[in-house]
Amino acid sequence: MRRLSSFRDFDWVLLGFVLVLSVISVLEIKSATVHTKFHGFDHKQLGFLAVGLVLMFLISMIDYHRLIDIVHWAYGISILSLIAVLTVGTKVLGARRWIRVPGGHFQPSEWIKLVLIVAVARYFWGLAGRELTWKDIGKAFALVCIPMLMVLKQPDLGTSLTYLPILACGLFLGGIRFKQAAIIFLVIALLIGGAWKTGKFLKPYQKARLTSFINPDNDPQGSGYQIRQSLIAVGSGGIWGKGANKGTQTQGDFLPIPYTDFIFAAFCEEHGFIGALGVILLYFLILMRLIQNAQTASDLPGTYIIMGVVAVIIFQIAVNIGMVVGLMPVTGIPLPLMSYGGSSILFTFLALGIVMNVRMRRFVN
Amino acid sequence: MMEPASHSEHPALGINGKAEKLPAGKLHSAQYIVALILAVLITGLWRLQVLGADNFRALADANRIRKVPILAPRGRIFDRNGRLLVDNYPSVSCYLLRDQAKNINLDLPLISRGLNIPIDQIQTILRHYQAAPRYQPIPLKQDITPDEQAFIEAHRNELPELETLDVQRRLYPRDGFAAHLIGYVGEVSEEMLNNPRYAFYDPGDVVGRSGVEEAYDAVLRGTDGYRDVIVNSRGKELGHLGQTLAIPGKDLRLTIDLDVQMAAEKALEGKIGAIVALDPHTGEVLALASRPTFDPNQFSGHLTKSYWNEILTNPDHPLLDKVTQAQLAPGSTFKIIMSVAGLQEGVAQDMRVMCNGGATFYGHFYACDKHHGMVDIENAIPWSCDTFYYTLANKLGIDTIARYATSLGLGQRTGIDLPDEAAGNMPSTEWKLHTMHQPWYVGETISVGIGQGAVTATPLQLARAIGGVASGGVLHRPHVVFPDEVSPDELEAIHETFSGSGEKRIPLSAQNWQIITDAMAATTLTGTAAASHLEGIDFAGKTGTAQVMSHDALARSGGGHRTLPNAWFVGMAPRRNPDIVVAVLWQNGDWGSNSAKLAAQVIEAYVNKQRKRDNNVRVAEVPKVPAPAPATVSTPVTD
Chain A
1 MRRLSSFRDF DWVLLGFVLV LSVISVLEIK SATVHTKFHG FDHKQLGFLA
51 VGLVLMFLIS MIDYHRLIDI VHWAYGISIL SLIAVLTVGT KVLGARRWIR
101 VPGGHFQPSE WIKLVLIVAV ARYFWGLAGR ELTWKDIGKA FALVCIPMLM
151 VLKQPDLGTS LTYLPILACG LFLGGIRFKQ AAIIFLVIAL LIGGAWKTGK
201 FLKPYQKARL TSFINPDNDP QGSGYQIRQS LIAVGSGGIW GKGANKGTQT
251 QGDFLPIPYT DFIFAAFCEE HGFIGALGVI LLYFLILMRL IQNAQTASDL
301 PGTYIIMGVV AVIIFQIAVN IGMVVGLMPV TGIPLPLMSY GGSSILFTFL
351 ALGIVMNVRM RRFVN
Chain B
366 MMEPASHSEH PALGINGKAE KLPAGKLHSA QYIVALILAV LITGLWRLQV
416 LGADNFRALA DANRIRKVPI LAPRGRIFDR NGRLLVDNYP SVSCYLLRDQ
466 AKNINLDLPL ISRGLNIPID QIQTILRHYQ AAPRYQPIPL KQDITPDEQA
516 FIEAHRNELP ELETLDVQRR LYPRDGFAAH LIGYVGEVSE EMLNNPRYAF
566 YDPGDVVGRS GVEEAYDAVL RGTDGYRDVI VNSRGKELGH LGQTLAIPGK
616 DLRLTIDLDV QMAAEKALEG KIGAIVALDP HTGEVLALAS RPTFDPNQFS
666 GHLTKSYWNE ILTNPDHPLL DKVTQAQLAP GSTFKIIMSV AGLQEGVAQD
716 MRVMCNGGAT FYGHFYACDK HHGMVDIENA IPWSCDTFYY TLANKLGIDT
766 IARYATSLGL GQRTGIDLPD EAAGNMPSTE WKLHTMHQPW YVGETISVGI
816 GQGAVTATPL QLARAIGGVA SGGVLHRPHV VFPDEVSPDE LEAIHETFSG
866 SGEKRIPLSA QNWQIITDAM AATTLTGTAA ASHLEGIDFA GKTGTAQVMS
916 HDALARSGGG HRTLPNAWFV GMAPRRNPDI VVAVLWQNGD WGSNSAKLAA
966 QVIEAYVNKQ RKRDNNVRVA EVPKVPAPAP ATVSTPVTD
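Heads up: the protein sequence lines correspond to chains A and B, in order. Residue 272 in our numbering sits at position 272 of the first sequence, and the numbers go up by one each step. If you count the second sequence from 1, you need to add 365 to reach our numbering.
No wet-lab data here; the hints were simulated from the structure. Worth double-checking, as some hints may not be accurate.
Okay, the calculated bits of chain A under chain B, using three or more residues with CB under 8 Å as the criterion [claimed, not checked]:
#1 108-119
#2 138-151
#3 237-245
#4 291-303
#5 343-356
We put the beta carbon where it would ideally sit given N, CA and C, even for glycine.
With the hints as extra help, turn the sequences into a complete structure.
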């Protein structure tokens, strides 16, 4: 029997929350860029949102099981495209992240997140019902870390880090035991410590970025300056904020990149603690809704897929807002649904589309 | 109707056919984890926006409002007749701003070319200011030329980190004229900032670093004003809020007489030493010169490393003001103090000593440079007979000598209003016990009697002490700025900062006063300074030839310029209640009579000027001894 998919099952509530956030985002981008050379970005963001919505609807119509079926191919193509980026990619500011395609540029690393979510879901689905052996864990790591390391080499530390929550989520849901997790933590900690000490895997500016959040006045490359300005912008907003378009740090050009990485700081300056609580509440509602969809998914891969999306989104929220309030280093990870940027918007809406996809098919049997 | 199931149609079955369970507990955990993460973020926001709001609001305002200083011009410095010694001139300085988010190092080659500064020098400057807060601008170059200014203007876009500031710069007399007296300005140092005296100064402030510039910095510097300007992060002015005008520094009139100073500087040409001229009636300093000297214009401009090294490594210490800081054995000039002690103690009046080229005390032979025959107090001074004073010293004992010397200001600072005055040293039994933990040996008193041994003094101390004796026992606090030039509060602060023996009076009987002063007059007539006799001027004084090495060391050394004794002379005119007393130190100048010639030059310049001004021809009249109690205000020398 054909799968019953009806737009009645489309998660309109979720879409509602998402749209509210999107509107806030557009308004905030407008406020942050109106006096700068980036004015007009709010219009662009609207454009991205429109395209995103369309894509979301489209992808929700394809049965996600089809996606699962073709994930092998998708994964293969992803790896190939990453190789292409590393070899023939366009170099911009010392980083290769794009490849030229007719019609523009293509940045694979964002799309690969989607592929990975599905791939990981499929992988763990195959292991369902049994304990994870070290071999399983190892294969899971390989699955995610290979593309991750390739992205890291571009270099794009921020994006590569967003692959990790997918892996972590998969392992968590797949039933990794506490002991195994602890061992993995230890090994990773040692590796990171080693990589740090030898200085081989992180470029100096990346190192500086990662440590400057501890002591913002210590950084030559400017990310200490960014954090400091962010803290000032957020803190000076106080409880009620300075009012829309009245953020002196944002308007006076003190807050760096206020429309992407630090958009939340700009928002906090204008709308204060109350406003910030509001946005976080929205995120909370969206995430809870997503998890609820995961709970009601009809099968295991559906659950994994939705939780993969949840993992990526909460990770990005934690890292971005953490950075804005000085708890995390500057990593260039965008705030989902708030930061300006086509890649981020499209990824988020596609991911949401897949979630809708799963939800819409939950009653099929 | 069911079609054959592919696994995608039967999602309830896993790939391996086993039934699967949805990890429900895990999903609950996930909810809690999400909530926890968001809670942590909210806590972070709480810390900033609720707890830290005031703090950050202040920081935000600091970001927004910048105080652009309006620099106050520094007070000018004049001599006592209103002639300009130190002036300001307008100049443009270039600063480097570091609160931009850009990497300045990339711009260094361009900046180096445009401002004509070698790259490594810029890097040194950057390193020097590394620890300073980022919003503090770094001075890159002072006195930039119009070309360099044009460069900065033309590159405003590429080099927003460069900023110019209009400042006033100090212009000092050339060739180090009066350099030690005037001093120089520079940036306030770390140690100074820790001193409570500089509590209201900020890093980067220009302050006096020596001389009058330092001592009277609070008076000279004025108060900077500022403009409150609204800026964006590029420092571009968006508007301004208000301003406070600068209060210019106060001009200062020094007690220095330019003509006397010129004579003193000329007299010291090519020599190493010091000359100080005082007015004993008031303590006003008429001239203060020290050699070798330095060029303070080099300090207020851009101090080159080579010049600085040159100054530091010069063994004759050009930065040292030898008038107030050279602590050396005074030699025979000390005999005046000995004479006061001997006469006031009633011992010296009736002393008759046979000088046969020296005498033996406690088994040692102490030499005198001549065979003077029978010597009494009246010719001991003009002949400068060592044997007499060895004997006198032996009779008085070190502690009596020390008592009189201390009462005349030796072994303490005088309290002159210049920084870093040295106190010299007057030995005594207590001193030796205290500093060397040894008893005083009577044999040591003998050499003290002629101003050798452990006694040391500065030219200033000698000028004041001997001038005071000639004034009947009245000593004043030497000063270089007229007291009414500054407010009473400021004056009090000066006196507190530069503490010393200040105003003093010692008992000196009229008779003793006359004996000593007449004997000093005889010095320039028939005594050791006869070659410096000045016709028509009642010029009196005392020579001093201070050994710089012991006789044994001299014998061993084999001679050479540096082994020559220091030549001292303290002279005055007229002999009693003098209008001017001059102390000359000529290091390695050999006989004191050589210094007497220099003193004579200075005194002659002074007297000639007075005569020209008062337009009367003075006869060198010997003033009679006035009534017993010496007046505090002397009668001016009239004709």
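Hint check:
no., hint, result
1, 108-119, "violated (count 0)"
2, 138-151, "violated (count 0)"
3, 237-245, "holds (count 3)"
4, 291-303, "holds (count 10)"
5, 343-356, "violated (count 0)"
Figure legend: structure checked against the earlier numbered hints; hints not met, in rising order: 1, 2, 5.
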